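Participant: As given, the protein sequences belong to chains A, B and C, one line each in that order.
Just so you know, we're using our numbering here: the first sequence kicks off at 1 and counts up by one.
Just so you know, we're using our numbering here: the second sequence kicks off at 1003 and counts up by one.
Just so you know, we're using our numbering here: the third sequence kicks off at 1181 and counts up by one.
Note that these hints are calculated values from the structure, not bench results.
Certain hints may be false.
[As the list claims (entries may be wrong)] Below 30 Å or equal to it, Euclidean Cα-Cα: the simulated DSSO-like pairs (lysine-lysine) are:
#  : chain 1 : residue 1 : chain 2 : residue 2
1  : C       : K1395     : B       : K1162
2  : B       : K1048     : C       : K1628
3  : C       : K1637     : B       : K1162
4  : C       : K1395     : B       : K1175
5  : B       : K1162     : A       : K731
6  : B       : K1149     : C       : K1395
7  : C       : K1628     : B       : K1007
8  : B       : K1175     : C       : K1203
9  : C       : K1395     : B       : K1025
10 : B       : K1162     : C       : K1636
On a predicted model such as this, the values are computed, not experimentally measured, just so you know.
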Amino acid sequence: MDSNKKYWKGLEELHQTPAFVEKKGSEFIEEIPIENVLNEAGLSTKTPRRDFLKALGFGVGAVTLAACQRTPIHKSVPYIIKPEEVTPGVANYYASSYKGQSLVIKTREGRPIFVEANTKAIFAGNGVSPSTQASVLDLYDMSKLKGPRSGDEGISWDEVDKQVISALNSASAAGKQIRIVSSTINSPSALAAINEFTVKYPTAKLIVVDAVSHSGMIKANELSFGKAVIPQYRFDNADIIVSVGADFLSTWLDGIENTKQYMANRSHTSLKNGKMSRHIQFESGLSLTGTNADVRVTVKPSEEGPLLIALYNELTGSSLPNALNDNQKAVTAIKLVAKELNQLKGKAILVAGSNDANVQSLVNAINVHLGSYGSTIDLDNASNQYKGDDQAFAEFLREANSGLIDVAFFTESNPIYEYYDSKGVENALSKIKFKVSFADRENETASFVNIIAPNSNYLESWGDSEPYVGYYTLVQPTINPVFDSRQFEQSFLIWAGNTTSYHDYVKAYWEQNVLPQGKSWNNALQEGFQFNGSRGGSAQSFTSSVSDLANLIGTQSKAIAKDIELQLYLSGGIGDGKQGNNAYLLELPDPVSKVTWDNYAAIEPKYAESLGIGVNDLIEVKAENGYSIVLPVLIQPGQAAGTISIALGFGRTKAGKAGNDVGKNAYPFVRLVNGSLQFNNSVTISKAAGTYELAQTQTHQTIEGRNIIRETTFANYKNDPTHGSGNTGEKHKTYDLWNKYEQPGHSWVMAIDLNACTGCGACIVACSVENNVPVVGRDEVRRRREMHWIRIDRYYSFEKDNEAVTREGEVNNLSDLSQVTVVHQPMLCQHCDHAPCETVCPVLATVHSSEGLNHMAYNRCFGTRYCANNCPYKVRRFNWFNYWNDSRFDNYLNNEFTQLVLNPDVTSRSRGVMEKCSMCIQRIQGGKLKAKAEKRPIKDGDIQVACAAACPSNAIIFGDRNDPESAVSQALKNERVYYVLEELNVQPGVGYMTKVRNTFEA
Amino acid sequence: MSTIKYILGSFGDPDEMMHGIDKLQENNIAIYDVFTPMPIHGIEAKLGVPPSKLPIVAFLCGLLGFTLGFSLLYYTMVYDWPMNIGGKPAFAMPNFVPVTFEVTILITALGMVSVFFFRNHLFPGRAPRVMDFRATNDRFVIAIDAKENTDHVKIESLLKEAGAIDVLHNERKYVSYE
Amino acid sequence: MSSHNESIIREPLVTGENITYAKVTDDILVSVENKPNKAWWIGFIVAALGALLWVVSVSYTFWTGIGAWGLNKTVGWAWDITTFVWWVGIGHAGTLISAVLLLFRQNWRNSINRSAEAMTIFAVICAATYVVAHMGRPWLAYWIFPIPNQFGSLWVNFNSPLVWDAFAISTYFTVSLVFWYVGLLPDIATIRDRAIGLRRRIYSILSFGWNGSVKTWQRFEIVCLILAGIATPLVLSVHTIVSMDFATSVIPGWHTTIFPPYFVAGAIFSGFAMVQTLLLVARKVLGLENYITMFHIESMNKIILVTGSIVGIAYLTEFFIAYYSGSEYEQYTFLNRFVGPYWWAGLLMYGCNVMMTQLMWFKKIRTNIALSWILSIVVNIGMWFERFVIIVTSLHRDYLPSSWAMFYPTIVDVGIFIGSIGLFFTMFLLFLRVLPPVAIAEVKLLLKTQSFEAKKKLIQEGHQHVEEVEYYTASLKKYDVITESDIKELVK
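Bound-form chain A, shown alone (with noise of 0.2 Å):
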């Protein structure tokens, strides 16, 4: 190599220059302009770097610092004098009763937190509605006024009594009217007051309106026979139910209570023995009771009249004019129908949603001519929980217009909301002198009086109902009064100059009235209902002449079979908005579209194809009145072409802050026909600028021809009870790589029963209030991240030639969806023996118990989410944000005074944890330490977990494995029990039996 030789950094260094030997002592023989850059110039400027890295630096050890929040510690004060009955972590439970149903009510030191229906009641005693189940968050809503107002002060009761009085006094001194508007009262306590009222002021008079009336009915009972009430049905003696456009499973009339009836003939049980009804439902949007039937037939509003001829047609062989003829998948149907129906005389039922006192006439010709009366219907015993008088409420509005009326009333009546005409009501109120509202908040009608009287809440309240002639509930407060509210019976009796405590009224009302002989007052208010009525009733015979029904329907038809034919329904949560600011309630998804926070146009995809509408549009829907909306559309399979459904009870503007604007209020579409409201109306549509997107908790319809739902007809049933259930033969042996690990004291399972769930969603409300799971709002649910632990799956298919579609692709190649079958699958967390989410979480947050459950260990979860992506039933839910304290989801949990409501068993989740359902670990947990408490075993039934306590259809069975007696033991027994994807081998908890379809034998 050539490295011999010395290296010169040049000639200078050979040489050895002066300047080079002053320099070479520096690294770099050129200057380093370090002092340009440290000079006063270089520091002075704006931001020196070195200041620039100082901020960074602090900013980022700031923001780490702050992100890393601890468990926030709430200060907690215990009792200085203890209330005897409280004792600290114990629940106490009371009886009351809530529009007519009686509930047991649960409460923990003094707060009620959770609502049950008291199973010993006579009628509704298997679950509650959503709405119900909700109802307790109603009590703690931030939105409710704080005291009685004036105009926009706050006045004393005194000062309310003293006004109202003078007033009244005025009124009657001008020999003016005073009327109270209320929605139906079937309280008796409730209406002495009134009267004693009335007979005070003797210009009184009370005017009952519903928002969603049936005053139709009433009047045609009273035009059949002589009898203006609506009667009690009973499903239960039904071997065949018919409906023309009645939800009678979820919002018409009392849902509750016809659900169990209706599962009496359908659930495993009733399989069992080999029983099951067959439903055939005409309607033309999706509804829950539509979804259910095992024959569903499409029909427009337009067409339910001359489809009740047809069918009477078709059973006496009469020939009424305006019979349906041109739907002929309805014609086939009625034929086939009838057929049956004349077969099963005195065994069938015919119910129909409209509130034409026409129409209904002629649903009661046919009872009769069925022999319903006395078996399937009974007219003796009336249900008094529609007495909403339409007529009556016009003719208040004529009297107030014509300025006869001084001092009004509103009592649970919210008009210019609820009714049609909310202009024609502004303006009747407008000529009224005095005008009380006993709105608990400053809602449309209350914002337009002059004293708003808040009405306490009925958990706060004393009280009485009498849903059906002879039974009667209770209400008694569990909680004394959190505002300064009064409830209006009390203020009635006060303004009628009777200053008895409401609860001292009540109380002689029922010793007087009510109670039998050696039943005392406490024994009453222990069993919460007390029943002396009888049930039955008797046959009718129908005199009045059913070929001018036939007529005036015809008409009728005509009228709205014009262009686009709108039909307005209750969504089975938010109902008709008066519990409008319920978060729980809007972020329930609807039974059947799965959309939270918002009503829509429902409409069938090939129409709304062949209108060029798509999914994510928007619509302006526009009635002759001239009243339109703009509506974001729904897809909608099984709504009948040619027709749109809007959900009434959505478009609330002085709800509250979570229900403000929420939907569109589709009320003003209503139309007033000879004196009842109907609930449809003719409709154009026009595509709207702009796109919505609907939060939807499920966007997906179908199975993908997957076998996690299997469903079989009631046919093969007969024949083989293990049909489709993947039971028959021998299965596929599965194998263990590992020993079992053994569950010697319980084994919590459950069985659910796909035949019996109706898809209400009474679950999902019930397991929000029991278990505080938060409620995320539209925007979170957009992202898809709601975080209900229990969900009920819905999917559709559809028929071709006799195969069940169910390929999302194939499904879209179909020409007609309008025939479209629903099954509603709860889920929850299967309670894996071999969890997959067990095993990949690095943290043993979840593991399993010695009891089969799967634990959750909120504290250790450091949120990887690897449990939740490994979980084939996708039932973990993450707590992306703070949301039970972050002002950005401010539904309801961002305040204290609403936290009241928060189960104190149960820890409310931080942020970036995961979450899922725990079986109610703490009710599994109470009922244990009672049993220990009475010294004894857990006996079946002791637990109950919060969604099977709802469930008004007994669909969820819940108990020990390990108890061979135990109802879930034996319902795992069942034939049709199969575990959804068994085959992953994950050995799941939970057992759910096939759903079986009583389908005419084709």
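Position chains B and C relative to chain A; hints supplied.
Facilitator: Structure of chains B and C alone, referenced to chain A:
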């Protein structure tokens, strides 16, 4: 008595350096050490440097790592608090393999390297025992203890013959970094 | 003995006229011993801005919660784990080059291993940031390790692949770092002895007092060899374990036994691509054409071609097994990659990784710098989408159709991804400034035998087979730094 401590033969080529080593050894001149900018293969043999025992160290560290790793898993999963995790047995052998393996590797690597550093006195901030700056660049330097080998002239001539570019007579052992 | 000569037909690993030990040192230390040039500053500022974006995005996520990302109840992992796996994969090349190629005595590794290892370390750092950032409660990240705590017997779940991951990644990072730094010691010493003043102080500390004495070199070589020996199974184990995050799950599209080899191949694939991306630029900017020669580039391209093809085979196998398994869920998932809503991602994955890399069969493309660079970028994109497809399209439509959902990234997702790239380049550019981008000592090893000079000498000495010489000269044509005249000179 001269103050020369060390004589450095600075070569520009490894082969020439090796040649130099031969020459010195033929004349029984003990070589103190050789400093090169890169490893010279075969030089250990020439200088009679025994083979390194680091492989044994590495193996022992490996054993230690394996034991530590496995016992950690066994203690936590099986002995201390066995749990029902997805129905798997507490002693789920296959699941123990990855972590045991990783720990083994980790301990091996760290153990061996720290022993290497320790034996060669390598640690942050240690003053480098360097005799010629260019020994880390382009020079291959043979260092001879001038006290033990007194015939400096001969040494220099030998080195020169071998092709040393220059021969330094250092009065201090190591160059100063101050 | 270094004096015996390598066969003439081997292509030179170091080129350039009158190359000497001193020249090697000077050339390589250009970037370290001089003030940065414009190119560096531009690159650095851009990268630093990226890193800043990362800081902002991550801070925002920590402040508000993971909800700031586009994840949902069905898709619990998306860009976070996709990019995590991407970085880990990239991080495989370094150790592979320095360890596996060392064991295989592939001397051409000597001039690329240093920067490749540096890249490894930075890539693993980027990956590690994701491990923490994707947690719901990142301030508890240390719970992943079995630390004795106040809860007594509260340990971790050694059944969970995530725990294996934590151990694998941290071990891999530590070992790579040690390997890298040990290798750096002699070079740092070189810088030390050429520098003065403060720089000399600093490098003197960093050099651990290295003096190239015989014993040091001897142990040094043993240590490197053994480290290479253990790093080889380690590097394979790391991506094997990463793949187990998916392979041990029950999700169709994840639950696949082929994943370990498939992921490892993919990792090497993407790693080499990233090395290409970096070195093709570095050699130009730092003037290292004589050390990172066309031979290196082509060799790496060959490896990319091979691993790319292995990945392709893995894809085919996956599809066949999905079909052959008869599991409807598995079949749907794989069909969904083509016809599902994420078809475009599938297209990018298969297109970039399998189709494009097949171009490497052509020597023209293999030895074309511009094309190699573009292809290396293509591979990086393809491999990112491979992970995206595996993670998101498998999750978003798994067992129960009721839960099927789409994933849409938020601005924060994007910010963190781009930011992490910025972070990576910031670290790499700083590395180029303070540490030698090429292993000086190891290159010096090649000088006497495998340099263009040495071979030139041999030829000029004569007594070489003529055809061998011809073969040799022919092979020189692809070198971009060797001119026609040089070659003529050889044969004349």
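Participant: Now look at each hint and say whether the structure bears it out.
Facilitator: Results of checking the hints against the structure:
Note on K1395 (chain C) and K1162 (chain B): the hinted pairing holds, with a Cα-Cα distance of about 25 Å set against a maximum of 30 Å. Restraint check for K1048 (chain B) and K1628 (chain C): satisfied, since their Cα atoms lie roughly 20 Å apart, inside the 30 Å limit. Of the pairs offered as hints, the one joining K1637 (chain C) and K1162 (chain B) holds, with about 25 Å between alpha carbons and a cut-off of 30 Å not exceeded. About 18 Å separates the Cα atoms of K1395 (chain C) and K1175 (chain B), which keeps this hinted pair within 30 Å; it holds.
About 93 Å separates the Cα atoms of K1162 (chain B) and K731 (chain A), which puts this hinted pair outside 30 Å; it is violated. Restraint check: the Cα-Cα separation between K1149 (chain B) and K1395 (chain C) comes to about 22 Å, which is no more than 30 Å; the hinted pair holds. Taking the CA atoms of K1628 (chain C) and K1007 (chain B), the gap is near 33 Å; set against the 30 Å cutoff, the hint is violated. Straight-line distance between C-alpha atoms of K1175 (chain B) and K1203 (chain C) comes to about 28 Å, which keeps the hinted pair within the 30 Å bound.
Simply put, K1395 (chain C) and K1025 (chain B) have alpha-carbon atoms about 21 Å apart, close enough for the 30 Å limit, and the pair holds. A hinted pair counts as satisfied when its Cα atoms are at most 30 Å apart, and K1162 (chain B) with K1636 (chain C) qualifies at roughly 28 Å.
The structure fails hints 5, 7 (numbered hints given earlier, in ascending order).
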